[in-house]
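Protein chains in written order, with the UniProt record's numbering: chain A, 1 to 397; chain B, 1 to 175; chain C, 1 to 537.
In case anyone wonders, no lab produced these hints; they're calculated from the structure.
Do not rely on the hints blindly, as some may be mistaken.
[What the hints assert, rightly or not] Simulated crosslink set (BS3-like; lysine-lysine; CA at most 27 Å straight-line):
1) A:291 x A:100
2) C:372 x B:76
3) C:443 x C:382
4) B:39 x C:253
5) B:94 x B:62
6) B:134 x B:64
7) B:134 x C:265
8) B:76 x C:433
9) B:3 x C:152
10) B:3 x C:51
11) C:101 x A:258
12) A:340 x A:139
13) B:87 x B:39
14) C:351 x C:415
15) C:152 x B:4
16) B:94 x B:172
17) C:341 x C:265
18) B:152 x C:253
19) B:134 x C:461
20) C:311 x B:55
21) C:461 x A:340
22) C:423 x B:112
23) C:433 x C:355
24) C:5 x B:3
25) C:393 x B:76
26) A:100 x C:513
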Amino acid sequence: MAELSSTLLYIAFIIYLIATLVFAMSLSDKKGKENKAAYTRRWGRVGYVLSILGFISQLGYFVTRWMASGHAPVSNLFEFTTFFGMMMVFAFILLYGIYKTNALGVFAMPIALLVIAYASMFPKDIAPLIPALQSDWLKIHVTTAALGEGILSISFVAGLIFLIRVVDQTSSTKKTKMLEIIMYLLLCVFGFIVVSAISAAAGYETSFNFTDKKEQKVELTYNVPALVGPPNGTQADDHFGPLVASPSWMNGEQAPRKFNTFIWSLLTGGVLYGIVRLILRKRIAAAIQPKLMNLKPELVDEISYRSVAIGFPVFTLGALIFAMIWAQEAWTRFWGWDPKEVWALITFLFYAAYLHFRLSRGWHGEKSAWLCVIGFVIIMFNLIAVNLVISGLHSYA
Amino acid sequence: MKKKQRLVFRSILLVIIAVAVGYTLYSNVFNDKSGSVQKGDQAPDFELTDLQGNKVQLSDYKGKGVFLNFWGTWCKPCQREMPYMQKEYRNYKKQGVEILAVNVGESRVSVKNFADRFHLSFPIPLDGSREVTKAYGIGPIPTTFLVDKNGKVIEKTSESLSNETIKSFMEKIKP
Amino acid sequence: MKTIKCECGHSNPFGTEICESCGKPLTNENSRELINMRYEGSAVRSQTYNKTIVDKIWNFFSSVKVGIWIIIVILIAAAIGTIFPQEMYIPPNVDPTTYYKEEYGTPGQIFYLLGFHNLYGSWWFLLLLAALGISLIIVSIDRGFPLYRALKYQRVTRHESFMKRQRLFAVSDTGISMDRVKRVLAKKHYRIKEDNGNILAEKNRFSRWGPYVNHAGLIIFLIGAMLRFFPGMYTDQTLWIREGETVAVPGTKTEDGQYYLKNHKFIMELYGKKDKEYSAALDKTGNPVPKNYQSNVTLYHAGPSDVVGAKPELKKERDARIKVNEPLSFNDFSLYQVDFKLNEFHRMNLKLENKKTGKSYGEIKVNLFNPKSTYDLGNGYKVEMVEYFPNFKLDENDQPTTENSVPDNPAFVFKMFTPETTKGETAFIGIRKNVEAADNKYKMSFSGIETKNVSALTVKKDNTLPIIIIGGIIFMLGVVQGLYWNHRRIWIQQRNGQLWIAAHTNKNWFGLKREMQNISEESGLVMPIDQSDEKSA
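Work out the full structure, taking the sequences as your base and the hints as a guide.
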């Protein structure tokens with residue numbers, strides 16, 4: 001059952017990949033005999049059906065893994081992040097159903113793919129539930145929160161499309177630079193996956209011995225070559241050695257390893273970005289822009305807003321209300337200012353501010369799109385950084 | 001007319017909010033000792049048995065001043081003030097001041113050995129289950145309450161007391 | 001009071017932008033821009049008075065801009081507070097004044113000095129939350145009531161420039177059946193009002209109240225949170241209870257009496273070989289993974305008593321199993337499994353033996369929480385306990401003493417009496433520390449130890465929960481109501497032999513346009529043009 005489950009996940013991943021390519025193709029300029037609109041519509045439909053098929057396959061992964069493990073597979077970082085990617089796809093299916101915009105698929109599907117690939121970097125074993133997680137609220141709270149975050153992510157996707165479409169690319173400005181930074185960061189995630197996958201395939205390992213702040217001897221194993229070593233650490237083997245030591249104020253014994261991986265991601269992202277720029281010979285966003293010229297900015301703006309309008313209540317219900325009910329049962333209090341709780345609140349407040357900007361102060365279009373980008377950064381921060389950097393009660397997922 | 005009504009309405013609403021917020025702030029930030037017995041409170045009545053197996057009930061001492069001390073044999077500051085307490089107990093017992101030295105959660109053997117070593121003659125009620133300790137909201141020990149003849153707490157301190165302080169305390173609660 | 005009289009005869013409150021009745025724009029009348037339909041152009045109350053200090057405070061909080069700023073400041077402060085752990089999450093036995101500096105260096109020290117270590121309970125954070133609450137109340141009052149008025153008194157026939165300056169607008173020559181139009185609109189769930197052959201079709205007006213409903217929910221929620229600080233609303237206590245012990249549950253004393261709890265057994269289960277589905281993960285961590293923490297208890301109740309400590313008469317309420325995620329609830333209270341201590345020493349068995357022959361003359365069982373002073377073994381054999389140190393250590397003068405009253409490292413001084421040694425021999429017995437006179441003929445030796453588990457339970461009462469829950473439900477209803485529906489209106493008017501059509505929605509124009517497309521296909525009505533498109537194109 002567990003094997004069937006991971007096979008279904010691979011299949012879903014591949015179908016998503018194909019769907020992405022199909023959506024990208026539907027925007028291409030190569031007009032054959034048929035007219036442009038019909039071509040776009042036809043391939044858009046194909047991409048949409050593929051997305052749904054992929055989603056069904058991933059749903060199959062979810063159900064079979066649930067059967068194999070005996071609990072909803074949302075209990076560790078691999079399972080949760082995979083599920084979050086699946087909810088992004090679901091949200092995309094939902095919004096494409098309303099607005100039928102192919103460009104949404106070109107961006108939403110690869111970002112969902114990145115999320116799922118990122119998830120597969122975490123340990124994939126079926127893990128038992130500690131007592132605190134043994135509750136029906138685990139599935140209710142986590143799935144609803146992930147769905148909310150998935151829908152809110154689509155607002156980022158639409159916002160990004162809006163920005164690429166409208167930001168003036170004739171000269172280099174702050175806005176074009178920001179857009180390129182977003183592109184670069186997306187490539188960094190890709191870079192992280194590439195580096196981790198290559199190292200894993202090569203079976204690379206190097207380990208360090210060092211004394212941590214609590215005066216305890218720790219052995220730390222890196223899976224990628226060490227650019228950054230632990231403070232005052234000695235390498236146990238003769239692999240490529242660290243160039244510098246990581247700052248000693250970083251928290252937790254795993255911090256040097258995480259910091260090293262982080263540096264690798266930034267570097268690989270940089271290399272990838274450089275290669276893409278060399279090929280395109282212009283800014284990435286500038287290269288994409290012409291493909292989007294048929295798109296009405298108002299429509300994309302509305303998709304972005306609609307995603308927030310749909311996702312905000314779902315997020316609030318899952319990440320705050322259900323979370324509070326569970327926290328009252330498991331931790332004796334519905335609210336305890338745990339970092340993950342605080343970041344859920346910050347996400348909530350941010351989107352509340354977004355809605356007020358939009359409804360009461362008339363922030364439409366570009367300003368609103370930039371806000372959606374920031375919103376996605378906050379969601380990602382809560383998803384990744386809070387778990388990996390800030391320690392708290394939610395350290396397992 | 002309507003304008004005036006509006007002003008009144010706004011004023012009332014703002015005052016209500018200000019009072020509610022003020023109270024919340026006060027009780028949250030400046031007053032976190034809720035649940036424990038404080039100076040000015042009525043001392044909660046309790047019943048325990050002492051080392052000799054006699055029943056000790058606080059309300060039996062109505063009309064007398066009570067020097068109510070919570071302590072443990074392992075606590076050095078408690079140990080330091082015991083001889084002074086014993087000394088002043090001798091002087092003030094006749095004047096209507098009683099010492100109740102409630103031991104927090106220890107066994108009779110330990111307490112008895114301790115009492116013998118320091119020749120303590122005042123009643124030592126044993127709070128094995130710490131119920132009384134909890135009811136009084138004791139944090140660190142030693143903690144001493146001065147209970148006057150009406151059963152009211154007129155002083156609370158968590159310091160190790162000097163002979164002089166104990167003496168002045170005795171004077172305070174002398175009926 | 002100053003009013004603005006519109007040409008239709010309606011008196012509008014000062015500050016109104018669009019006449020409440022006919023919809024004629026009252027400010028920049030001659031502009032051709034689309035009108036701003038926010039709050040229906042009704043006068044936001046605060047903008048009308050600004051004289052007394054009360055009005056000034058009111059006006060400050062009435063601004064949505066101020067509200068947004070409050071949200072953003074809370075957001076940033078809350079984020080900073082998560083950089084390092086809050087004081088409540090650092091180890092309990094460390095001093096925060098030095099902890100932050102030692103653990104996190106200078107940034108940690110700054111964090112501490114600025115008070116971020118206790119951010120969420122600090123006066124200024126609470127004041128920010130209070131400011132948010134005040135803003136919610138005042139903003140809602142100031143905008144909700146005028147909006148209600150405006151939507152209640154809207155007239156079917158609107159002013160010419162109101163129509164022209166709507167985003168969706170078209171003019172066509174008459175010649176279609178108005179009955180058919182009405183039928184189509186009704187089919188789409190529009191409510192239709194008529195006046196002189198003009199039509200106002202409207203649906204989902206209730207979604208306009210969404211923001212006010214969710215604000216009300218939030219206010220109730222905040223009131224609930226505030227009530228926690230009022231006496232009697234909230235209890236939070238910890239109870240350590242050993243197996244076999246019966247104790248009063250702290251914080252549960254009421255006028256009807258007091259609850260007591262007996263802990264029969266504390267159970268900890270680990271995942272093991274039987275849990276095959278997890279074997280891969282378990283092998284990898286190598287550490288035991290807990291499966292269950294559970295206390296089997298009996299709850300008792302005793303009648304009222306004014307005296308603490310007196311032996312009460314216990315009435316059994318029920319048996320229960322308290323697990324993580326499954327608290328025991330009774331009355332207003334809940335008991336949660338929060339912590340435990342395994343294998344605490346409870347009883348120690350020692351034998352009186354002849355040193356030379358090793359012969360035993362009987363065994364004593366010392367209850368470490370309440371040892372006896374004399375243990376008589378019969379036949380003239382007797383052991384006296386001279387000293388007892390539950391948690392033995394040597395103090396700074398190398399004198400034996402005890403760390404506290406918990407028997408983690410028990411040690412004793414015994415005096416042993418036998419028919420042979422009637423004066424008694426003294427021996428010090430501790431764990432791996434025995435001191436005795438060399439010429440002693442008898443000794444005490446360990447023969448066994450009994451341990452018990454200790455369970456830590458949290459006692460909780462929170463009478464604010466119902467209010468918090470109601471606030472949460474109202475908030476959710478309001479948010480859904482406001483965001484999942486949109487308020488749509490279509491005006492159709494006969495003017496100078498032409499048919500004027502205008503349409504408005506508070507959001508989601510794409511959906512409205514699609515619906516208008518449908519309506520025009522079914523009824524023959526001309527499809528209105530999106531005037532904002534024309535402008536941008």
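Hints and how they fare:
Of the supplied pair hints, the one linking residue 291 of chain A and residue 100 of chain A holds, its CA atoms being roughly 16 Å apart against a limit of 27 Å. The suggested pairing of residue 372 of chain C with residue 76 of chain B holds, with an alpha-carbon distance near 25 Å, which does not exceed 27 Å. Straight-line distance between C-alpha atoms of residue 443 of chain C and residue 382 of chain C comes to about 12 Å, which keeps the hinted pair within the 27 Å bound. Of the pairs offered as hints, the one joining residue 39 of chain B and residue 253 of chain C holds, with about 21 Å between alpha carbons and a cut-off of 27 Å not exceeded.
Annotation: proposed proximity of residue 94 of chain B to residue 62 of chain B holds, straight-line Cα distance about 15 Å (limit 27 Å). About 24 Å separates the Cα atoms of residue 134 of chain B and residue 64 of chain B, which keeps this hinted pair within 27 Å; it holds. About 24 Å separates the Cα atoms of residue 134 of chain B and residue 265 of chain C, which keeps this hinted pair within 27 Å; it holds. Only pairs whose Cα atoms come within 27 Å are accepted, and residue 76 of chain B paired with residue 433 of chain C is accepted, the gap being roughly 24 Å.
A threshold of 27 Å between alpha carbons decides the hint, and for residue 3 of chain B with residue 152 of chain C the separation of about 23 Å falls inside it, so the pair holds. Only pairs whose Cα atoms come within 27 Å are accepted, and residue 3 of chain B paired with residue 51 of chain C is accepted, the gap being roughly 11 Å. Distance check on the hinted pair: residue 101 of chain C and residue 258 of chain A sit about 23 Å apart at the alpha-carbon level, within 27 Å; holds. About 17 Å separates the Cα atoms of residue 340 of chain A and residue 139 of chain A, which keeps this hinted pair within 27 Å; it holds.
For the suggested pair residue 87 of chain B and residue 39 of chain B, the alpha carbons sit about 25 Å apart, so the restraint of at most 27 Å is met. With a CA separation close to 13 Å, the supplied pair residue 351 of chain C and residue 415 of chain C stays within the 27 Å bound. Straight-line distance between C-alpha atoms of residue 152 of chain C and residue 4 of chain B comes to about 26 Å, which keeps the hinted pair within the 27 Å bound. Between residue 94 of chain B and residue 172 of chain B the CA atoms are separated by roughly 15 Å; this keeps the pair inside 27 Å, and the hint holds.
For the hint linking residue 341 of chain C to residue 265 of chain C, the alpha-carbon distance of about 12 Å falls within 27 Å, and the restraint holds. Under the criterion of a C-alpha separation no larger than 27 Å, the hint pairing residue 152 of chain B with residue 253 of chain C is consistent with the structure, at around 21 Å. For the hint pairing residue 134 of chain B with residue 461 of chain C, the CA-to-CA distance comes to about 17 Å; that is within 27 Å, so the pair holds. Between residue 311 of chain C and residue 55 of chain B the alpha-carbon distance is near 11 Å, which keeps this suggested pair within the 27 Å criterion.
A C-alpha spacing of about 25 Å is found between residue 461 of chain C and residue 340 of chain A, which places the hinted pair at or below 27 Å, so the restraint holds. Among the hinted pairs, residue 423 of chain C with residue 112 of chain B is consistent with the structure: their alpha-carbon atoms are about 22 Å apart, no more than 27 Å. At roughly 17 Å between alpha-carbon atoms, residue 433 of chain C and residue 355 of chain C fall within 27 Å of each other, so this suggested pair holds. For the hint linking residue 5 of chain C to residue 3 of chain B, the alpha-carbon distance of about 19 Å falls within 27 Å, and the restraint holds.
For the hint linking residue 393 of chain C to residue 76 of chain B, the alpha-carbon distance of about 13 Å falls within 27 Å, and the restraint holds. For the given pair, residue 100 of chain A sits about 15 Å from residue 513 of chain C by alpha-carbon distance, which is consistent with the 27 Å threshold.
No hint from the list above goes unmet by this structure.
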